[in-house]
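Its first residue numbered 112, the sequence shown is counted upward by one per residue in the working numbering.
Derived by calculation from the structure, the hints in this document are not laboratory data.
Glycine included, each C-beta is placed from N, C-alpha and C at the ideal position.
It is possible that part of the hints are untrue.
As a list, the in silico DSSO-like pairs of lysine-lysine whose alpha-carbon atoms are at most 30 Å apart [to be verified]:
id	residue 1	residue 2
1	K458	K442
2	K388	K458
3	K325	K301
Listed next, with one range per pair, are the computed distances between beta-carbon atoms [what the hints assert, rightly or not]:
id	residue 1	residue 2	range
4	V266	G211	30 to 38 Å
5	S186	V266	43 to 51 Å
6	P474	G246	25 to 33 Å
7	P263	H214	18 to 26 Å
8	T208	G154	17 to 25 Å
9	T441	S186	26 to 34 Å
10	T171	S459	28 to 36 Å
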Amino acid sequence: MRKLAFVLTVSISVFILSGCQKYWLPIPPPSPTHVFSLSPSHGPDSTLVSISGISFSSATGDSVYFNGRPAVIVSASDTLLIARVPTLAGTGEVTVTVNGKTHSAGTFGYDTTYRVTTLAGNLEAPYYLTLDSTGDVYVTTYGDFLIHKISPLGVVTRYDSVAAAMGIVQDPTGNFFLSVLSGYGPFIEKLTPAGVVDTIARDSASLMQVALDKSGNIYTTNDATSSVDKITPSGIVTKIDTGFYHPSGVAVAADGTIYVAHYTTPAYTNTNGVISKISPSGQVSILAKINYDGQNGITLDANGNLYVTIFDQGPANGWVSRITPDGKLTKLVSANLFDPCGIALDKSGAIYVTEVNNGPGNPIGSVVRMTMH
């Protein structure tokens with residue numbers, strides 16, 4: 112009997128031990144993280160982007176970066192992360208970090224948008240403008256023959272008075288060069304930081320925007336003679352090229368290439384406006400067709416992109432467009448600007464534009480600032 116009990120006890124123990132063996136097996140490691148896709152693949156600031164994969168963690172345990180900038184994860188599961196695109200992230204790689212390991216989710220194209228605010232109002236017919244190295248704006252107002260200085264905070268002060276000044280540009284030493292219209296000119300004038308005004312050259316007819324090259328030569332558009340005029344520091348005037356109907360804006364690149372905003376014919380049509388390029392050797396070509404009523408001012412950024420003020424079907428319907436070096440045209444803002452004319456950029460990439468008036472029969476205009484976000 113004792114032998115039977117012993118056998119039963121051993122058998123039961125073996126059975127119990129064999130039954131418990133499955134609980135002693137090691138727990139398998141979690142599946143490795145994989146990232147499959149992101150959607151959408153481009154968008155502006157604060158776009159919600161879905162990143163699909165497996166073995167994600169939690170909103171606090173995972174990290175997502177857009178072009179090196181940290182993003183806020185608004186929700187997380189084992190197979191899906193939703194992240195908000197950070198402001199001014201730029202185009203670049205999206206990465207996901209889980210448990211200390213970083214994985215690529217692909218490339219996200221950042222669509223830069225602009226917020227338009229009024230920097231200064233109550234200006235009498237502001238036309239062209241320029242910026243100094245500290246971010247102060249200087250604008251010519253044809254309605255009262257003044258040059259106004261506007262601080263980055265929008266404080267407006269009277270800087271000087273030059274009758275009928277239109278175009279304005281500043282050189283690295285702080286001197287301003289101005290184009291003065293017929294009736295009071297037409298002159299190219301120099302305004303020193305001490306307030307001394309000197310006439311550099313007498314040109315002809317109706318002068319508009321002015322620009323400088325790295326040698327100190329001045330370029331201006333001459334609406335009446337349909338030309339781009341070059342004025343040397345010693346005051347010698349040369350017509351670079353003619354045949355530009357109603358030339359208005361002019362900009363000069365570091366390599367000496369000249370860009371001109373003008374029409375192709377004297378008629379005002381919505382397929383007329385163009386931006387022409389004059390090479391350093393003097394060859395003229397069309398960089399881009401605006402295909403709207405016209406354009407007034409242009410400026411260049413450090414990457415060779417042009418920024419142009421454009422109007423269509425009347426001055427109240429205007430905006431700013433960017434033109435890449437290969438001629439691609441992109442409209443930057445959907446909000447209409449009233450009669451946009453002068454344009455300039457600051458070091459951060461913000462765009463400053465004059466609105467010559469605030470509506471038909473209203474000669475009071477403003478300077479607006481377009482900031483990226």
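Right, here's what the structure says about each hint:
For the suggested pair K458 and K442, the alpha carbons sit about 21 Å apart, so the restraint of at most 30 Å is met. Distance check on the hinted pair: K388 and K458 sit about 25 Å apart at the alpha-carbon level, within 30 Å; holds. Straight-line distance between C-alpha atoms of K325 and K301 comes to about 17 Å, which keeps the hinted pair within the 30 Å bound. The given range of 30 to 38 Å is broken by V266 and G211, whose C-beta atoms sit roughly 51 Å from each other.
The hint said 43 to 51 Å for the Cβ distance between S186 and V266, and at roughly 45 Å that hint holds. Here the CB-CB span from P474 to G246 is close to 27 Å, well matched to the stated 25 to 33 Å. The beta-carbon spacing between P263 and H214, approximately 42 Å, falls outside the hinted interval of 18 to 26 Å. For the hinted restraint 17 to 25 Å between T208 and G154, the CB-CB distance of approximately 22 Å keeps it satisfied.
Between T441 and S186 the CB atoms are about 33 Å apart, so this pair conforms to the stated range of 26 to 34 Å. In this structure the supplied range 28 to 36 Å holds for T171 paired with S459, their Cβ-Cβ distance being about 33 Å.
In this structure, the hints that do not hold are numbers 4, 7, in rising order.
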